[in-house]
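Line order of the protein sequences matches chains B and W. Using the numbering used here, read the first sequence as starting at 1 and increasing by one per residue. Using the numbering used here, read the second sequence as starting at 1001 and increasing by one per residue.
By construction, these hints were calculated from the structure, which means they are not laboratory data. We put the beta carbon where it would ideally sit given N, CA and C, even for glycine. Just to be clear, a hint being listed does not mean it is correct.
[To be verified] Among the chain B residues that face chain W by a calculated CB cut under 8 angstroms, a handful are:
| # | residue |
| --- | --- |
| 1 | R128 |
| 2 | A186 |
| 3 | Q189 |
| 4 | V190 |
Here's the letter readout for the chains.
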Amino acid sequence: MIGVKPKILSRGFLATLINLRESPVGLIGAVIVLFWVVMAIFAPLIAPYDPLAIQTPFAKPGTAAPDGGLFLLGTDQKGRDVLSRIIWGSRTVLIYAPLATFCAYIVGIAMGLAAGYRRGWVDIFLSRMGDIILSFPVLILYIIAIQQFGRSNLNIVIAIIFASAPGIMRIVRGLTLEIREREYIAAAQVRGEPNWWVMIVEILPNARGPLIVDSCLRVGYVIITIGILGFLGLGLPPPDPEWGGMINQGRQVALMFPHMTLFPAIALSTLVLGFNLMADGLRETSLKD
Amino acid sequence: MTSTTPLLEIEDLHVSYLTRAAEVPAVIDFSLTVNEGETVGLVGESGCGKSTVAMAIMNYMGTNGLIKSGSIRFRGQEITTLGPEQLRVLRGNEIAMIYQEPMASLNPAMTVAQQLMEVPILHLGASKQTARASAETILSDVHIPDPERIMASYPHQISGGQQQRVVIAMALLANPSLLLLDEPTTALDVTVEAGIIKLIQEIARKYDMTQVYISHNLGLILETCSRVCVMYSGQAVEEGPVSALFGAPKHPYTHGLFNCIPLPKTDKRNAPLVPIPGQLPLPHERPTGCTYGPRCRAFETNLCDHQEIPYEYIEESNQHVRCCRWSEIKPEDLIPDKVPVANTHIGDIVLEAEDLSKHYEVESPGQVLSTILGLKEKIALKANQEINLSARHGETLAIVGESGCGKSTFAKVLLGLETSTSGDLTHDGIEIGRIGVQQREQKQLAALQIVFQNPVDTLNPSHTVGAQVGRVLKKFGVSQGKTDTHEKTLELLAKVKLPDEFYYRLPRQLSGGQKQRIGIARAFAGRPSLVVADEPVSALDVSVQAAIAELLMEIQREYGTTLLLISHDLSVVRYLSDRVVVMYLGRIVESGSRDQIFEPPYHPYTEALLAAAPIADLRVKKRDIILEGNLPSPLDPPIGCPFATRCPRRIGEICDSTLPDEQIAAGGHHIACHIPLEELNQIDPVFAIEDN
């Protein structure tokens, strides 16, 4: 009676992604995300038209273009091809959302590690600061910050870091509190390792699993946030095509020309869905081993 | 019912777990018959399938467990094919189970009364009043003092020993005919364990209850059972009456187990433990023929690895054994030739503690308002009080005591993880007690290292073995440069008997024993002068324990290191240590050489500890001493002798009011007790070893 040797799932960041093959849901999510990544990278090759080129305004989907081509998803008020703008818009969102999330992670991890490992007044100070920020309605926070400091790519990234870092800090702090009680941490302390070493080399890698899952979800939220800001007219400055802004522009004529809002909205929700499914899949595979 | 039908018959049982990747056969071919009124022990190491057997008897296999074939008959009725409703009647009414973790068996959100009353109401259809009445009777049956108060308590409000008594009471309430006990005392302290064991014996007699007792501890099996079944790798390998199996084991694995346990007859210099080589095969890697073959010293090619080994019945001793060579094997063949061991040279004093105390400031539980305002009163938790001890170069000093006695706190102060409150602690003449680890010099850090208890936790799961050991070498300046570190790491791995390829392994690819070896390598990497071994073997399986204990001593001898052994397990202490310190509630109650501690005069607490520890040897006759009550809270320790509240030899008022002075018996043997030495000298040894 000899069975098959059970497969051992590998770890590490890349390996975590590779492990997604074990989860159908995660795989679907990854395919959706990958689809948009390909769109973003090869936008100049894929997009049929220049996203800023003004052609026939208010063309419905499937209308023939002056050059003999097709406005597959129609055009907007200014006569710009919606499909091309969506494809180019994926570039904007896939640059700024991961960038903002990544920066928020660096800040949140640093704060969380310090609060969870050092405890005492460091913990009290950082945690209360975080609580204060988290107790504000996020959207109002964004509106105030961006109106105050102006509408620029950098300010949007900073605003997102400011609003997301406390949440990340809480997760990291919780994980750190648990991991710091392990014997290998005591072993590191007993051999006189400096605090930064214990935090970054001994604790952080072991908090990796939940953080990878959370970062995936969080990128999705940030994409929505950027969309909302764009919709409110506080998003990334024009003329770069941006999905939230497109939805906003199409809003006034949405009843007559639903394609102007519908297609960018679908693009936005599929990308977010992709990230969420991927997070689900990552959680599932991380629980399995 | 006729007496000829056994209560429980298990025949050719095969159980598998279905996992995502493959089917894992956990139990392969297991047969056992349990007669009415018997207590049968099921022994084996972790992963041998003993708990799976228990689950199969309850037919509670989880979603992925599957009884592949074979039959389990309870009073002649097949239970593998029962439907959920019939099973519900069977479980509880006929078969009850007691698990290892009492806290996990009790519902934290319900009072003890509610949980106990549920049983008669659900299973016997009793009314609330009768349920309450029977709950109260059963609580006094399991010797719970003040049942009224316990009934009204939530599980977290009562001690671990009391929790386990409540769990036992709950199992008894529906008056089942078969009781399954799965390591019921493993999570408890030794003295508490002794009480529970006595209770289990008493219940077996009083209710005439049949029991299946699962344990990895052969000593407990000997104390509780009439018959034993030894399991290895999903099979029963030997079964028989306790007297036969403990007196003359037949299977080489059973022999191996006995040779691994530090029984009183063993001695680290003259009669060392004999570890079983290799490790338990994984379920999907079981060898053909005898599953124990690859580890067996009596293995014969073409005989043992040829075909499936039959489970033979031996008429004369009423034993079953699964070994084709049992009649030819002599016990001596199973022990390798002894290598004489040089005596360690015991040198100068390395470590000395003088009146060392460590108090923690804790917040007293206050009112809600004062808690919010942070106005809680601070009170001192006296974890260590006036500790006096010394350890010499090359010596093994053991600190013994139950959980909460302060032995780990002492180690923390020694390593600098905590700083002392008062008193002196000197290492090589330099005060270290007041210096935290961050302020210590590198030389001091390297000199004091630790081997941890829990192999799961001891290594960082994110880094390779090589990186973790190499880091210590680099940190302490033992190696310079990459290649040198790599070479020296491999040397260390070889020293702990692990091959080179372990350098690139991650901790999760190692077994518990292997992780512990890496833990030892890491501790000794900086050539320490003193290593704290905090329960180094207690989380390991018996056969691995022996190997780790021997390895620890081998390296100690080679480096001339002082070993500070922290343990609650007296048999391990007796085997490993040269000198022993016994602690209770933050104080040292007795100290002396190994022989002085294990022979009279005893401190009454040491006496109770010795009596509590089960010994897996038929020739050892022990006295029974069961301690009453619980360990007092260290926040509010007794004013007089710390042990006075539970002491069976309490002499009177003086014990409660005055802290006893240390009496010095012959040869530097200290006992802190009010009973005069002459009287303590009169006490009989706790156990006697009968010669054949």
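So which of the earlier hints does this model not fit?
Result: hint 1 breaks, nothing else.
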